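Since each chain comes alone in its own frame, lean on the hints to assemble the complex.
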Amino acid sequence: MDKYYLGIDLGSTTSKAVIINDKDEIVGRGITNTRANYKVAADVARDEAIYDARFNLLARKIGDDVSTKTEFKKYMEDLRSVFQYGQFKRRMDSLEDMLNKTVSNFSYANKDAISTELKKIIETIRPQIRHEFINGNLGSKNQFFRDIVSERYNSEVENLGSEYYEPLMLAFDKSITPVENEMVQYSFNELVQESMKILDEKYQGLADQQEDGSKEDWYYAELNVMKNNYKAVEQTLRQHIDEIASQDIHIAKMTGTGYGRALLPFPEDCIKSEILCHAFGAHAIFPNTRTVLDIGGQDTKAIQVDSHGLVTSFHMNDRCAAGCGRYLGYIADEFGLSLNELGPEANKATKETTICSTCTVFAGAEVKELLHNGEERPNILAGLHKAIVQRAMSLIARSGGVKNEFTFTGGVARNEAVLKYVKQMVTDSYGEVTMNIHTDSIFMGALGGAMFARRNINVDLPVGKKTEMSEE
Amino acid sequence: MAQEAQKEKSMILQKEMIDGLFNDLAQVKETGKKVCYTFIPGNLSELIRTFDMLPVYPEINALQSAMRKKSGGYIKEAEKNAHSEDVCTYVKCDVGMMMKGNIGPTGTKIPEPDILLLSYTGCFTFLKWFETLKREYPNAKVIMVHTPYQENAEITPEMTQYMVKQLKEEVIPQMEEVTGIKFDEEKLKGFLRLSKEAEDWITKIFDSTKHKPSPIDAYFAGVYYIGPINIGFRGTQEAVDYYKELYDEIQERIRLGLGPITPEGEMKEEKYRLVVEGPPNWTSFREFWKIFYDMGAVIVASSYTKVGGVYDLGWRHDAERPIESLAEYCMNCYTNMNIPQRISLLSKCITDYDADGYVTNSIKSCNSFSAGQLAMMRDIEDHLEVPVGFIESDLVDPRYFSYSNIKNRLESYFQMLEQRKSLKETV
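Chains S and W supply the protein sequences, listed in that same order. This note's numbering puts the first residue of the first sequence at -18, with every later residue one more than the last. This note's numbering puts the first residue of the second sequence at 20, with every later residue one more than the last.
These are calculated hints, taken from the structure and not from any lab test. Hints may be right or wrong, so weigh each one.
[Claimed, not checked] Quick list of in silico lysine to any residue cross-link-like pairs, SDA-like style, CA-CA up to 25 Å:
1. W:383 x S:436
2. W:426 x S:57
3. W:201 x W:443
4. W:426 x S:17
5. S:122 x S:57
6. W:34 x S:250
7. W:443 x S:250
8. W:440 x S:356
9. W:290 x S:436
Keep in mind that this is a model prediction, so the values were computed, not measured.
So that you can see chain W by itself, here it is in the shape it has in the complex (with noise of 0.2 Å):
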């Protein structure tokens, strides 16, 4: 991963869950264990778990595949098959990569699904993904469930007891017939505490960005952070372990003084602070971090972090309720919330960080992110008269991504944040 040059041990923790999960995928054929294809957004990490499947997440391995300097390949060999130049990249990388041979980010093969799982539906790409690979894999079981979004800006018990039927109904009998396992609700409970456990360590740690200067850099850096929830450790005692060992990493450098740990080493100095909303880029991922770190920027916040589960205002798994607790988290993920929430949760972020700016990367192919995008920008503006900013890019295109141009913009950006400080400190 991209901090090579200091390492923590947090970071070697997460490299080694991340090479065991390759591993044992690697080792399925032996094993006879199952494997269960999913989405990060409401990813079920826990039921999974409890039926002892391996997760795949296809948007990890578009991603790492990007940073590894292999999706440019993959999307032309998806172009070749007929994949449009406007499907969501990380699509075409993962159906590149497939038609490839299906080797994964390191290096060894990832074996068939033999549950694709959609338990979000609040991106309709996700469906036409899986409908593409269950065509590839005629064999693999597709488990669907039907997600309602947060329109009224709320879960109601209606909602919720809709998800929970379908859990029930739908997910959990097919599960026990792919894999033959009976369904254990204790040991889902198990699981469910430990994530509790988590993502209470996880809020802990993206709220260190209070601290100036902010230990942490909550985007670039905050993407490595939620790496082992969002590749299916929730649940785990790993991932506990993992999070402990990681907030005293950062209670240590808040004792010290420190900025965040950028590719280059510390960063030195904290001149703007931030809140970034969209994904990155990953194919120029840490061109694109240093033109932040250069700048003295520091992402004190971002939306992209949340996309795996949203705790910032106190919802968590909750063992007493599980199922209930399952549905509710699938309806809880960032862009299942309507367009005024997610302006609410960036608004107490730029407010609670004391964030300088607001800086929107847009990625055309990305409709879950992409939709209400300026309208958030807008209103952010209007009501926090914070200055905003908007680049664009690509997730895994390498195509898409213009240095000179997100340099030219970012630059101008943080030379108006600039004037904005110093007329502040002259009014």
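This is chain S alone, in the form it adopts within the complex (with noise of 0.2 Å):
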């Protein structure tokens, strides 16, 4: 039996797991929003990547058909796609039956007409959302099933007169939170069946529908090509799907790590700090790694390591988050921005605004007072971008400069305006050096962790996990 190593990354925004095999090759990785109940917030991230590794293994039965065969890539993404509406939609009933008895038990007096305008809201968003999922990329674009029910829930209450407005979005405060908290289990065979289904009216339809000219070529042709091939590609992953589904993902260590370690329900001896995991995991993916600097959602790490990857020093902040994830989550709420949106945003600046604010919720205040003078929002951007790299190189010089390689992880790492201010500075500061940013960043404690998991530690798994973890 092959045996698998799992790490958890317990973030302040995100909870990320990945698996790893005994060649320290990811086979599967998974992300969720971090939430009241730890817990769950783990227990969802390591399911998300059992799932994430069974699509891996199916890619991998298929071969080569994947990568060389349009209909097979786009029919997977498809997959995948379908297969979170599925995740999505047993959540979503979840949620409906707990807004409905939140809203029972109002005591306003109009609360009959509430009633009446949530059930319109919910058929309105429910086939709007599943039509983004099969239709759409919604499956790709990592958001969290909180983020994409409140953007719409939102959107439709904002419509509705001010004796709406309030006790509706307090019924979805109230009842998003123990609807996030509540582990929803699922079976992945079912799940993978249902999708198929779904999958196989849509190509239907898309067999009836005519070209009109109203879209690219590629358009076209991808739609001709998985018109005549979807049954063809079908009958193969039918194929392999009972034998993924059943086969057994046993994980046979673990490790925790991340701000919330010290509360994931793991052994004392399963749980590692962050900065050796984050230096663990850049290094494994990026051997000739020196530095790492890693902004998370509540602290930023400048992380020294040796040949091993091992840790010879780090500093982080203290005292204040400004320079973190958090305070461009706070940015982006300042200008009703999404934090998709910030990077790219930030880049269209003509020049920096300089922010003098070391405070996150000061720069709130300097945001406004700048908006108020005219000054143009993606300079404001831009110039918060900056700060926020200015704080990471303090800490970088402070931790002993950055020595080639220099690997950038952590949420933020995503952010394109954050990364480019990075390259400068750490250019302007300590010449050219090679830098390596990965597209999986925001996974490499996890990574670091699972790691760690299949060398360091050697305790079995805790009495009564065994079973759960191996999804047997």
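Here's what the structure looks like:
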């Protein structure tokens, strides 16, 4: 039986899980938003990683077809997205129940009218979201259940009068937390079968669609390939699904890390500092790494590692969260943007406005003042991004500077404006060094954890965990 | 004091000494003794004693207030009176205590100063501190010695001469004037002989960390051990007796193979040996210490126990050269050494005591310690290849001790040490 190793990084904003095999190869990764119940966050991330592992195993079974044949590639992408919809749907059912229950307990005079409006909203947003999962690319946007629902729910509520606004917002706030904090069990096999059924309908529908010249050529090319071949793909997949779904992803050992690590339901010796894990993970992907910068939700770490990937020194921000992911979150709120929009917006800047405040809260006031004075939004955002990187640079300097090679990890490494300034300032201060940024930078801590699990930790899984983890 | 769980004879002796001093201070009106406020670095204990004066150390009062959870209130009081948030918290705690009636750590009132003696001016804050006190106590005489810094890593004969001149022409005559007592060199020499004796014992005591397991913690317990000489008992028979007793107790611990005593009893297993740079945090002293002993970390040497005198390299008070030796003493305190000297002293500690790591506790409001701390850390890391750790807290302001931040960093640091150890074993 193949052995697998799990690393869970419970961060302040997101929880990540990575599963590796005994060659240190990543076989699955999962991510979710961190919530009040850490165990649920960790379990959801782990389950996501196990699903991802199964999809990867499935892709491996099909072999070269996935990479060479358009119909296989597209089908697998769609399958993953619709699979996510299946998970979404189950949680949405439970949110709907909870919303109805919450509203029925209200003491507002217009309770019945609120209930009617709630029903209308749900009837509007459910098919919207379904459509986006099945026909759009919602599944690949890295959005979590809470974000997906709240975005659409809020925009519906905003169109209603004030007599509904407050009670409906309250109903959402009261309902989302318990729903997020409950663990929902899914059967991989069931969900995949369901997803394939949905896809079958989708492609059948496509077959009836006529070319009207309103889309790009490649769209029709892909459409034609799918129309003619989806049945064949389905047949091939069906040959493997049962086997993949019942395959035992046996987690032999695991490590928990991240700021919430002490609260993970793991034994003490299965817990490792996120500093060591991030460094180890980054070093595994880029073996020549000597300096690691990790910008996470609420802390920034500058880490120096040796040739073995072991930490020689580190520096972290103290007493203040300015310069971390949370700062970006706060700024995004101030501007009414989503986190993903921040970087691109900042990169439209013609210059960087100087932001003096080194405090998240004060920066908010400064932003308002600058906007009032007519400063352009992209310029202010560029200044804010630059300020974050300047703080990180000071930590790097304190930890001993940048040594070749330099690897940037953490959720904030996904922000393109931050990336731009990091590259710029590292080069300005330390000259040309090799700079590594990986698309999976957010998973480095979990990867490091999984690698430690494979190496150092020689304890068995806690009693009662084994069966739960192996999904037999 | 902290070790309530297990009381050794030396602890009882120390408590008696401290209580005695504060009793004497409470009775100056009756006894007519003069009071000299001064600071620990470069303190002229023996000279103060020669003039029958009683010493008051404001830093000690501040740290004692912190350990009794009173510093937060005192600091607020000082801030209400326009002392900035960034000022050294020892100062604000002391100023606040004064404003609240100057009730000392043992609950008795601390008398007003007759002399404000600055015998070490390397810390600029000290000057400002006494300027503030002078405004509050206009009758006190300020005596200030300008202490040259060891810029070139040495105490030259000219530097000593410069200090001797100040001691002879400024300090001694003014002390005579305030106390009405004629300077008696023979009396001073007697104290200096006892100082040397105590200093010999102290050196042996701190050298005991060579043993494995180390019988003492040279930081968390070390700050208690240096208590008697740091609050004015250097030069007394009591101090010699205390250190002799302490030394015997430590020898017994070595014989029995015991580790250091912590507030929760004997430390069970020595896993890591560390050298610590910088003052400790006093407001959460026990929690701070606990993070270390819970992880099996023992401090085998610390710079903070050297602020009242560096004896490691062989320097001693010398009765044959009384004034010269006082002059040298003032220039020989830890924070008066230049950065390369500090690095070499701490490197020697790391090597001699076979330390696994080096940790800096950075106190932003303390200029004397903060300057050069990072450079020292880098240098030690590069030359000795020991893992270094950096944490931040404060002296006596409870608002600046973040338990979870410090614990998080130290946990990571200890795991880092563990990795290094296992790597060493496999290579």
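Original post:
Within 25 Å, alpha carbon to alpha carbon, are residue 440 of chain W and residue 356 of chain S?
Top reply: Given pair residue 440 of chain W, residue 356 of chain S is violated - Cα atoms ~55 Å apart, limit 25 Å.
Original post:
Does the alpha-carbon distance linking residue 443 of chain W and residue 250 of chain S stay inside the 25 Å limit?
Top reply: The given pair, whose Cα atoms are some 21 Å apart, holds under the 25 Å limit.
Original post:
Is residue 383 of chain W within 25 Å of residue 436 of chain S, Cα to Cα?
Top reply: Roughly 39 Å separates the two Cα atoms, so the pair is violated.
Original post:
Does the structure keep residue 426 of chain W and residue 17 of chain S at a Cα separation of 25 Å or less?
Top reply: holds, 22 Å
**OP:** Assess, step by step, whether the Cα of residue 426 of chain W is no farther than 25 Å from the Cα of residue 57 of chain S, and give holds or violated.
**Re:** Given that 25 Å is the threshold and the Cα spacing comes to 45 Å, the pair is violated.
**OP:** For the pair we were handed, residue 290 of chain W and residue 436 of chain S, check the Cα-Cα distance against 25 Å.
**Re:** holds, 21 Å
Original post:
Are residue 122 of chain S and residue 57 of chain S close enough, with their CA atoms no more than 25 Å apart?
Top reply: Holds, at roughly 16 Å.
Subject >> Restraint check for residue 201 of chain W with residue 443 of chain W, where alpha carbons must lie at most 25 Å apart >> reply: violated, 63 Å
Original post:
Are residue 34 of chain W and residue 250 of chain S close enough, with their CA atoms no more than 25 Å apart?
Top reply: Violated: residue 34 of chain W and residue 250 of chain S sit about 42 Å apart, past 25 Å.
Violation of the numbered hints given earlier is confined to hints 1, 2, 3, 6, 8; the remaining hints are satisfied by the structure.
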